[in-house]
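Visitor: Residues per chain are reported as follows:
There are 2 protein chains.
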Amino acid sequence: MEKITASIITIGDELLIGQVVDTNSPWMSQQLNNIGVWVHHRVAVGDMWEDIWNALDEESKRSNIILITGGLGPTADDITKPVLCKYFGGKLVMHQPTLEHVTYLFEHIFKRPMPLLERNRKQAEVPDVCTVLKNEVGTAPGMLFEKDGRIFISMPGVPYEMRSLMKDKVLPLLKEKFQSPHIGHRTLLTAGIGESFLAEMIKDFEAALPDFIKLAYLPNYGMVRLRLTATGKQSIVENELDKQFKQLKELVKDYLVIDEDITLQVLIGRMLKDKHKTVATAESCTGGYIAHLITSVPGSSNYFKGSVVSYDNSIKKNILKVKDETLQTVGAVSEETVREMLRGVLNIMQTDYAIAVSGIMGPDGGTPDKPVGTVWLAVGNNENIETKKFQFRFERLRNIELTAINALNFLHAFILKQS
Amino acid sequence: MEKITASIITIGDELLIGQVVDTNSPWMSQQLNNIGVWVHHRVAVGDMWEDIWNALDEESKRSNIILITGGLGPTADDITKPVLCKYFGGKLVMHQPTLEHVTYLFEHIFKRPMPLLERNRKQAEVPDVCTVLKNEVGTAPGMLFEKDGRIFISMPGVPYEMRSLMKDKVLPLLKEKFQSPHIGHRTLLTAGIGESFLAEMIKDFEAALPDFIKLAYLPNYGMVRLRLTATGKQSIVENELDKQFKQLKELVKDYLVIDEDITLQVLIGRMLKDKHKTVATAESCTGGYIAHLITSVPGSSNYFKGSVVSYDNSIKKNILKVKDETLQTVGAVSEETVREMLRGVLNIMQTDYAIAVSGIMGPDGGTPDKPVGTVWLAVGNNENIETKKFQFRFERLRNIELTAINALNFLHAFILKQS
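Which chain is which? The protein sequence lines are A and B, in order. Residue numbers for the first sequence, in our numbering: 808 to 1226. Residue numbers for the second sequence, in our numbering: 808 to 1226.
Chain A with its partners taken away, still in its complex shape:
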């Protein structure tokens, strides 16, 4: 069974000058992976005729499937459609069902009359050599072309439009078209150990892996994910992955957080829901980011009650009841302050668990005693409080993210100990 390969071409000047981050490609890659299609090449080009043309040429030599996003807007800088039309030797014609759909969207969804007729009508024109894939949530349709046994699919770059098209049209279509080999993954998350220590610990395991299984190290925020990937016949792949994964878990068991590819906030949410427990946060330096991570999980209202972001010391005192004396003597970034913040938030939110955090994220605000990156964390309940000091050494946003991830990891460990 041959591997089915895909390339992703993203089109748009905004990607090349760095004005936007491409979150489409990772999502598309994950989805394709799930159906056994291996994305082995990704290209970003600007809104330039020649660059788009060359990318189509090059990727068609490389992959069975070429997915193209972007450059389908109604404005003059978007030229993907005319390029595709010329490349596949067609001419633009009005696609009546799309025109009706665009009109419908304007009247019933956007709730305004369809104005500027010419420009919006153009959204309904398609090359006569393509198969139209209806875009339920936007005006630019998906377009499928075939050439020399390759499949080309063009989609809008707007993330939710692309995702809707992928789920409803593209993935089912590709699944039907290609008999792809199975790709299996097993991922686990470790904490408290660096990449090179981990590598040393499992080097014999890694060396003994069969050829069709690959091991990858994915360090992120001071934690390392280990991922086994195998390609082949489903039964063999899954059996062997199960066997190897079991060994791997045993080897790293002292550092294992979870043997699934989920985030800490999902893991914590699941634990709290199962135990019918609740949590709250008292955040100074993270400014609400921990609460944001927790509430990014659907259903988090079942276990998350709220947060006090006490950026200003007056809020620490008046709402969280941190003692003025504490702030005067040991300061806002101290073990005693996060303890008092924790007790305060447990008291006013009446939750089973809480997190409290105070630190200096930079670039300003550091002192010789407490340089930028100094963070005090507390987690606990009404019986126990545990605290920990961190010293990060990065830029503001990364310090905020690292603090939040470490706070969640600290809470996870605390909850585990309670059961």
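Worth flagging that the hints you see were computed from the coordinates, not collected in a lab. Not one of these hints is a red herring.
No distinction is drawn between identical chains; accordingly, a pair holds when it is met within one copy or between any pair of copies.
Below, simulated SDA-like cross-link-like pairs (lysine to any residue); rule was C-alpha separation at most 25 Å, straight line: (1) K1177 to G1138; (2) K954 to N861; (3) K1177 to E914; (4) K1224 to L995; (5) K1040 to Q838; (6) K1010 to D884; (7) K1056 to L1022; (8) K868 to E857; (9) K954 to D858; (10) K868 to D858; (11) K929 to Y967; (12) K1084 to P1170; (13) K1080 to G1173; (14) K810 to D858; (15) K941 to Q1198; (16) K1177 to S1103; (17) K1082 to P1170; (18) K1060 to T882; (19) K974 to T905; (20) K1021 to I842; (21) K1128 to Q1157.
We have chain A; now place chain B onto it with these hints.
Guide: Just chain B now, with coordinates in the frame of chain A:
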């Protein structure tokens, strides 16, 4: 003056299976743009010998500068260094200053003895045909190669290591090496008007732009950025951009938020700081995300006092003093509730301004009356409160982001009216 072009090659399986989002490339593109280098091609490949090799071949035909990130870790899946060594016809040799630096990092920064000697020593090996660029904050050095007049620079994929190398070594070096033409940008942000309406409004302006100026539409979160980009001789470029940008601002003045390429949170921060005013948020459905956006700006402690994330109704009642009757009769997602939340947070945080928000982000929790995406916003001070209802129709995270951006935009408009 010829355009100086660059390609970015990112290496790593984790990028291709979608496990991580590439934030390096946008940042690198921005930095290169600033020194007049035009990134016109970006490629992502896996940790595969042949794919890396081909990418080097292809991009060297395309660009003057080829920047390469990733695949330099101490583990076996990272093969960038041996590929580069072979590609440029060198052999790996121990680089003594790097070895000393790696040892120093372990002893003094990571604060643990340098273990696993072989693996970490290897980090200090480099091809004898490269110029080493010292990585001050990590173990994998930058490496510079020259071939057929092209510059190749390999850097680690860890974002802060790459950024440090770019700022201290790569950008100064490229600036010296290349006499690049000037690239100028002017960006403005609009709100309250769609991309196609905007395009119609400025179509004559767009058609009359000189050849060397390009106009781009960058829609994001229901707001549209317009960007003019010009390349050429600095004095001509800047003069013409000034002239055209003035015209453009006049044309869109009814929808203009700001005539700079900054975020709403930076803009609001600047306004509050200038006026010596403070702000707080009371957040239900956004779960702290608005507070996070505000506090992601350095120096925000000057004007942001804090937030109450009142996810649970008990928090709305007990801390923000929302009336039980209000919650019972019109519900948590209502104009009256956000009004009371706003008054509550103004009162307990004692700020000049505040934002309050309550809504249903999905996927669950919608009702026929209040479907998923229903959001009530309030902004105001002790004298005035303004409210607004939104109906978003996206997935959870996008709904949260859209709500937050619209809340900031609403606050911005409110502050403007006060002055």
